[in-house]
Each structure stands twice: as C-alpha cells, then as structure tokens.
Amino acid sequence: MTIHSESLALALASISPAMLALVGGVLAAFALLVIVLLLRGVSLRREQAEEASFRAEENEARMAELLKIQAEMQGRITAMTEVFGARQSELNQTISQRLDGMSQRVSSTITEQTKSTHENLQRLQERLAVIDAAQNNIQTLAKDVIGLQAILSNKQTRGAFGQSRMETIVADGLPMGAYAFQQTLSNGSRPDCTIRMPNGAPPLVIDAKFPLEAWNAIRDAGNPEAGKIAGQQFRRDMEVHIKDISEKYLIQGETQDTAFLFVPSESIFAEIHEHFEPVVQKAHRARIVIVSPSLLMLSIQVIQAVLKDQRMRAQAHLIQGEVAILMDDLSRLDERVRKLQGHFAMAQKDIDMVVTSADKLTRRGARIEALEFEAGGGDAKPAHESEPAAKSVESRTGLLKLRVVDEE
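The opening position of the sequence shown corresponds to residue 1 in our numbering, with each subsequent residue numbered one higher.
No wet-lab data here; the hints were simulated from the structure. Hints are supplied without guarantee of correctness; some may be wrong.
[As the list claims (entries may be wrong)] Lysine-lysine pairs mimicking DSS-like chemistry, simulated, CA-CA at most 30 Å apart:
(1) 243 with 228
(2) 243 with 209
(3) 339 with 308
(4) 282 with 248
[Said to hold, decoys possible] Cβ pair distances, simulated, as ranges:
(5) 271 with 189: 24 to 32 Å
(6) 140 with 253: 46 to 54 Å
(7) 275 with 183: 28 to 36 Å
(8) 183 with 312: 46 to 54 Å
(9) 82 with 122: 39 to 47 Å
(10) 310 with 225: 48 to 56 Å
(11) 271 with 127: 53 to 61 Å
(12) 275 with 320: 31 to 39 Å
If you're wondering where the values come from, they're calculated on a predicted model, not measured in any experiment. All C-beta atoms, glycine included, are put in the ideal place defined by N, C-alpha and C.
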C-alpha cells in the first residue's frame with residue numbers, strides 16, 4: 001500500500017501545472033453539463049405532468065360526452081326497437097302471405113315438372129333404345145374392324161387386300177379382255193395387273209404391293225426419335241420397292257415405260273406426298289407413278305375413253321358403209337314418197353270432182369223440193385204429187401204450169 005501511494009505521488013509530481021489546469025477545466029465543464037442535464041430533466045418532467053393533467057381533463061370531457069351520446073343512443077335504440085317490432089310483425093304477415101302463394105306456385109310447378117320429367121324419361125328411354133341398337137351396330141363394326149386389322153397385320157393378306165381393291169377398280173372401269181391379272185412377262189416376273197393399250201401399244205403395268213410395315217411403325221412411334229427412325233426405314237423400303245418395279249416390270253418394247261404403284265389409302269397417299277417428297281421425286285425419275293384409288297379410277301376412265309375411241313376408229317369403215325347404204329335407202333324413200341304424193345294429188349283431184357258433183361246433186365234436190373205448182377182455179381199441190389218429166393201439163397181441172405229454174 002505504501003508503495004502504491006508513493007508511486008501515485010510521484011506520478012502527480014511529474015504532471016505539469018498546465019496539464020492540471022486543463023484537467024480541472026474539463027472537470028468543470030463536465031460538472032456544468034451534468035447540472036444542465038438535470039435542469040432539463042426537471043423541466044421535462046414538469047411538462048409531462050402538465051400534459052398528463054391536460055389529457056386527463058380532456059379524457060374526462062370526452063367521457064362525459066360519450067355518456068351523453070350513449071344516453072341518446074339508448075333512447076334511439078328504444079324507439080328503433082319499437083319501430084322494428086311493428087315492422088317485423090308486418091313483415092311476418094307479408095312473408096306468411098307470400099309463402100302461401102309460393103307454396104301454391106311451387107306445388108303447381110312441381111306437378112308440371114313431374115309430368116315433364118315423366119315425358120322426358122319416356123323420350124330418354126326411347127333414345128336409350130336407339131342408343132342400344134347403335135351400340136350393337138358399333139360392336140358389330142368393331143368386330144369387323146378387328147377382323148380388318150387382323151387382315152392388315154398379315155403381310156400376305158394385306159397384299160391380297162390391296163390387290164383385290166385394285167382389281168375391283170380395274171374390273172369396274174374396263175371391259176373384259178382389256179386387262180389381265182398376274183400375267184407372266186418375258187423375264188418371269190408376274191405383275192399384279194397389266195392393262196392392254198390401243199393401237200398395239202405395250203401394256204401398262206400396275207403394282208399393288210405397298211410396304212405398310214414401316215408406315216405402321218411411323219404411326220406407332222411414341223417419340224420424335226422413334227418416328228424419325230421409322231420414317232427413314234419407310235423411305236428405304238419405298239426406294240427399294242420402286243427400284244424393284246423399275247427393274248422387273250419396265251421392259252423395253254414389252255411394257256410401257258411408265259408403271260403405276262398403287263397405294264390402297266387416300267390418307268397414306270396424301271402423307272407420302274406431304275412428308276416424303278424425295279421418294280415421290282425418285283419415283284418420277286424412275287418412271288413410277290404413285291396412285292391412290294381415286295387417281296387409279298381416273299386413269300382407268302381415261303384409258304377406257306381411249307379404248308372406246310380406238311374401237312370407233314377401227315369400225316370407221318363399217319360405219320361409212322352403213323352410212324352409204326342408209327343414204328341409198330333414204331333416196332329410195334324420197335322417190336317413193338314423191339310418187340305417193342303424186343298419187344295423193346290425183347286422188348285429191350278426183351275427190352274434188354266427186355265433191356263438185358255431190359254439190360250439184362244437192363242443189364238440184366233442193367230446187368226440186370222448192371218447186372211451185374200453180375192451177376187455174378184451184379189450190380197449189382205438193383211438188384211430190386206432180387210429174388217432173390214435163391214442164392207444162394194439161395189436166396182436167398185446168399192448166400198446170402211447172403216452173404223450173406236452172407241455175408247452171
């Protein structure tokens with residue numbers, strides 16, 4: 001303890017008077033600041049007390065005003081309660097009357113709705129019967145579609161299906177003898193159909209074998225990548241099939257330089273031309289024309305017209321001979337008609353003469369009926385009692401005069 005006191009004394013002795021004066025000034029300023037803060041705190045507490053008393057007075061005034069307003073509100077609520085009671089009784093009466101009217105209307109409406117519902121149920125039952133019949137037809141059609149799918153799933157039966165459709169179109173459009181099915185060519189190949197062309201031209205070849213497996217793979221693809229792979233496979237199959245047709249069926253001098261590739265579906269034909277244009281272009285370069293059922297039918301009709309024109313030309317000399325014979329018959333008919341006309345003219349002249357004679361006889365008979373007989377002192381006698389051979393006759397009763405008028 002002594003050591004510390006001595007150390008403190010030595011430290012104080014070492015401080016200069018200027019430093020001590022500075023420290024003293026600082027302490028005095030600090031004390032002055034503390035006094036100012038205390039005074040401000042007292043003033044602030046006094047202001048807060050005054051403000052609290054003012055707020056208390058203001059709250060009391062507001063409380064009194066609220067009590068006054070509450071009393072007024074109680075009076076108004078009492079008056080409104082009485083008014084609401086009267087209005088509620090009137091409203092209850094009105095509501096009861098309206099409920100009675102509504103009950104009657106609802107009852108009549110329910111009756112009408114029940115009747116309408118019954119009629120609708122009857123119509124619904126009739127429609128359900130029709131739907132049941134349609135469903136039976138749909139089930140039958142579904143069985144047929146399943147059978148068709150089974151046919152198309154087999155390559156041989158599918159080829160037979162396409163060939164049968166092609167054969168039906170050809171047989172319906174051309175006469176017998178203008179086509180042949182499965183005819184063997186000189187190279188041993190057997191096309192599905194050959195159509196004989198006019199004027200000794202080589203026949204036209206039609207192939208009905210269409211690679212449908214790759215097309216079905218395109219339809220069954222679950223993602224774009226699988227669809228792309230299936231499309232490439234379909235393109236390769238089509239190119240191979242086009243090449244086979246070109247090599248087997250396009251024989252110089254024996255067949256036409258163009259062949260038909262029959263596609264048994266209009267939708268597949270449209271898809272090929274829309275999405276596989278390079279295949280169509282390659283087929284055109286190879287002189288292979290891809291045809292749908294409608295295009296094949298149109299081509300068959302054109303060929304039928306050409307064959308008909310060729311048959312007409314082949315029979316032209318016969319037609320000319322028949323026309324010459326017909327002209328001779330017409331000349332003889334004209335001569336005979338003219339002779340008959342002369343005979344008719346002579347007969348008409350004779351008939352006119354006969355008519356003239358008949359007219360003369362008629363007039364003469366009329367004159368005879370109109371004869372007038374005159375007697376000397378007696379009455380006139382009828383003309384049929386006189387003798388017309390003499391113009392005047394002597395009688396016992398007097399002179400009978402006969403007057404004859406000749407109009408000729």
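These are the hints, each one checked on the structure:
1. 243 with 228: Holds - the C-alpha atoms of residue 228 and residue 243 are around 23 Å apart, at most 30 Å.
2. 243 with 209: holds (13 Å)
3. 339 with 308: Violated: residue 339 and residue 308 sit about 43 Å apart, past 30 Å.
4. 282 with 248: OK: residue 282 and residue 248 at ~17 Å, within 30 Å.
5. 271 with 189: 24 to 32 Å: Holds, since residue 271 and residue 189 (Cβ atoms, about 29 Å apart) stay within the stated range.
6. 140 with 253: 46 to 54 Å: holds (52 Å)
7. 275 with 183: 28 to 36 Å: holds (34 Å)
8. 183 with 312: 46 to 54 Å: Roughly 27 Å apart at Cβ, these two residues miss the hinted range, so it is violated.
9. 82 with 122: 39 to 47 Å: Distance hint for residue 82, residue 122 is violated at roughly 59 Å.
10. 310 with 225: 48 to 56 Å: Holds - the Cβ-Cβ distance for residue 310 and residue 225, about 54 Å, lies within 48 to 56 Å.
11. 271 with 127: 53 to 61 Å: violated (39 Å)
12. 275 with 320: 31 to 39 Å: violated (56 Å)
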